[in-house]
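Enquirer: Take a look at the letters that make up each chain.
There are 2 protein chains.
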Amino acid sequence: MYKNFKNIEKVVFGRGSFSAMAEIIAEKRNENDGFFLFVVDNYFFGKELADRLPALPIDVVRFIDPDPHEPTTEQIDKLRDEIVATKGLPAGVIGIGGGTIMDIAKAISLMFTNEGSSTLYQGLNLIKKPGIYHLGVPTISGTGAEVSMTAVLTGPEKKLGLKCEWTVFNQVILDSELIATVPVDKWFYTGMDTYIHCIESQLGILNNAYSLAYAQQALSLCREVYLGEKAGRNAENDDKLMVASMMGGLSLTYSEVGICHALSYGLSKILGEKHCYANCLAFQHLEDFYGVGVVEFKEMLKKHNVQLPQNLSASWTDEQITAMAHVAYNLTHMWYHAIGTNWKEKVTIVSIKELYKRL
Amino acid sequence: MYKNFKNIEKVVFGRGSFSAMAEIIAEKRNENDGFFLFVVDNYFFGKELADRLPALPIDVVRFIDPDPHEPTTEQIDKLRDEIVATKGLPAGVIGIGGGTIMDIAKAISLMFTNEGSSTLYQGLNLIKKPGIYHLGVPTISGTGAEVSMTAVLTGPEKKLGLKCEWTVFNQVILDSELIATVPVDKWFYTGMDTYIHCIESQLGILNNAYSLAYAQQALSLCREVYLGEKAGRNAENDDKLMVASMMGGLSLTYSEVGICHALSYGLSKILGEKHCYANCLAFQHLEDFYGVGVVEFKEMLKKHNVQLPQNLSASWTDEQITAMAHVAYNLTHMWYHAIGTNWKEKVTIVSIKELYKRL
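If you read the protein sequences in the order shown, they are chains L and C.
Counting in our numbering, the final residue of the first sequence is number 359, and the numbers go up one at a time with none missing.
Counting in our numbering, the final residue of the second sequence is number 1359, and the numbers go up one at a time with none missing.
Treat the hints with care, since some could be wrong.
[Claimed, not checked] Not everything, but these chain L residues come out facing chain C in the computed CB check (under 7 Å): (1) Y2; (2) F5; (3) K6; (4) N7; (5) I8; (6) K10; (7) V12; (8) S17; (9) A20; (10) A209; (11) Y210; (12) A213; (13) Q217; (14) D239; (15) K240; (16) V243.
Calculated directly from the structure, the hints in this document are not laboratory data.
We treat Cβ as the ideally placed atom computed from N, Cα and C, and that holds for glycine.
Generate the whole structure from the sequences, applying the supplied hints.
Expert: Structural data, given as structure tokens:
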């Protein structure tokens, strides 16, 4: 009846704090087989940050391309099996990247100690044992994956998170210097993920004073970063965006995302669209649900010269739209939050298909 | 160089969530000698909440009067020694009350596992071992003691906290129904503690985007509760005040209190004034440091018909004022934050005495 939510155990916040990692992980090196697995966005391959990793020769460093797809159950299982077969059980896993890398780090931490395929654990509290120590360093801000208790995975049957208290990072390092080099499109779309899920968090039946306070402050920071007098890319805004991402994630602890995220999951699962971009594709057409939130979102698009494609649905088959509508419909907690207890009277596969046809 | 701060491990937020405690502590009952120590504000003695305590016959329930003084090292040592001698080592300690009770619960949790007097551990990271499991249930909102890593104690020599990562609660239950019956004076003064330390947090050299975001949102909630259209005592405002208290406390994770708190500590240590009230006594006279914050504070006083005494210093001896100035001066981190790196050039015992004479 009352959620008892698990916080990240320890948090460092500050420009340049990436350098604190070596000391933080040193005391964990006695665990298990004594090596760390670094999972790093391959954007950093050959870049300065790669030279600053506190990796020892015993450690495994994997640069992973987050772009072709969001993390899949197959990808997690394969990486886990390979590491266990060749090196044993890591002392810990360190994720350095955006939401995809955060989710990979959280998911593989759990899958090192829970047997079988990760497809067995997609859902709430299905994980049986705590994972290994895991540390997250976000290098793109907005998804809130650094604080959430979910590691979203796309499986053969569903896109659904491994969600339990052990999913939450043991340690997070929030160093806003690391987001200074995010490509401008990712800076925009990922930041909009925070904006959109805070709007959804506020407008629904599950929110409370806790989720509202976090959503309000995250939205206020987003407004400063994307619409304020000093809007745009600068150090101060990087700081603010990193805090907004964290607070947006914390808002969802006691609330839920809504219609936009439900539609977005369908776009990701069936058409392979990236999460944050898919949110933007859908959100622009939801003014009847999210009113001024959508109006303000369009101001942000305009201010940053972002053109979202229109009439996408014209090229989709009815089969694809139906498949997306089924994915969206099955995210029942999102509809419940957004529409209310009687949502099934108001929302049908047909009505969801109509929403997709707006795109 | 970079603070690595420890979060409360688990948090429940929600009206009525006090009832979740029985289930939460059930799984801890195998620890140590299997009994819980309940430390409860004696305001609740004979009241409905006392009947709702999930205490078993084996447990120890102590109703404590928080009013004669704030927690002392002697009080903690004595209670610890008595419990250990008669019952052994508790499975955990549960604090139910305002900031004083929160501090007692945090401090005694540490003193059950660290030998000798608590006076040995007043300061930063002097504690040698983790304490026993401790759970906090605030019934007055404002001090932020429910989230802080400090258990402030008044000893024979100093008023200073036991401050380390193990001070932080393992579990907090935030049930805003519990603050509905707070006497109106405590409701005001304790809420003002959040307001004042957020103003101090913002205006100083240590703050960053993290502490600013938390302070901004806590201040915004305080404004709604004490000055907004629906200002005053109601369920919605109790929710907001409970969140404001938490966020105000979290703001201080990366920032510091300032001049008002330094003066307040002197008033508490030398004259025995309660912390939140002492803050209010001092803050009204600090407009040259905290500008619009003090102006707005005076609006809140007026709106709620709170008359703070004036010309107090006329009845103090020079010896008392000097003693208070020494207490305040020694809180060097507060002056450093509020005045800057060169604070010693600007702040002297004499200048602090002049501040006290404003009261």
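Enquirer: Look at each hint and say if it fits the structure.
Expert: Here's how the hints hold up against the structure:
1. Y2: Holds, because the Cβ-Cβ distance from Y2 (chain L) to chain C comes to roughly 4 Å (cut-off 7 Å).
2. F5: holds, 6 Å
3. K6: holds, 5 Å
4. N7: Nearest chain C Cβ about 4 Å off; hint holds.
5. I8: With Cβ-Cβ at 6 Å, under 7 Å, it holds.
6. K10: This interface hint holds because 5 Å falls under the 7 Å limit.
7. V12: holds, 5 Å
8. S17: holds, 4 Å
9. A20: holds, 5 Å
10. A209: At about 4 Å, which falls below the 7 Å cut-off, the nearest Cβ of chain C leaves the hint on A209 (chain L) intact, so it holds.
11. Y210: holds, 5 Å
12. A213: With Cβ-Cβ at 5 Å, under 7 Å, it holds.
13. Q217: Since the shortest Cβ distance to chain C is 4 Å, the answer is holds.
14. D239: Cβ of D239 (chain L) sits 4 Å from chain C, so the hint holds.
15. K240: Cβ of K240 (chain L) sits 5 Å from chain C, so the hint holds.
16. V243: holds, 5 Å
Figure legend: structure checked against the earlier numbered hints; every hint is met.
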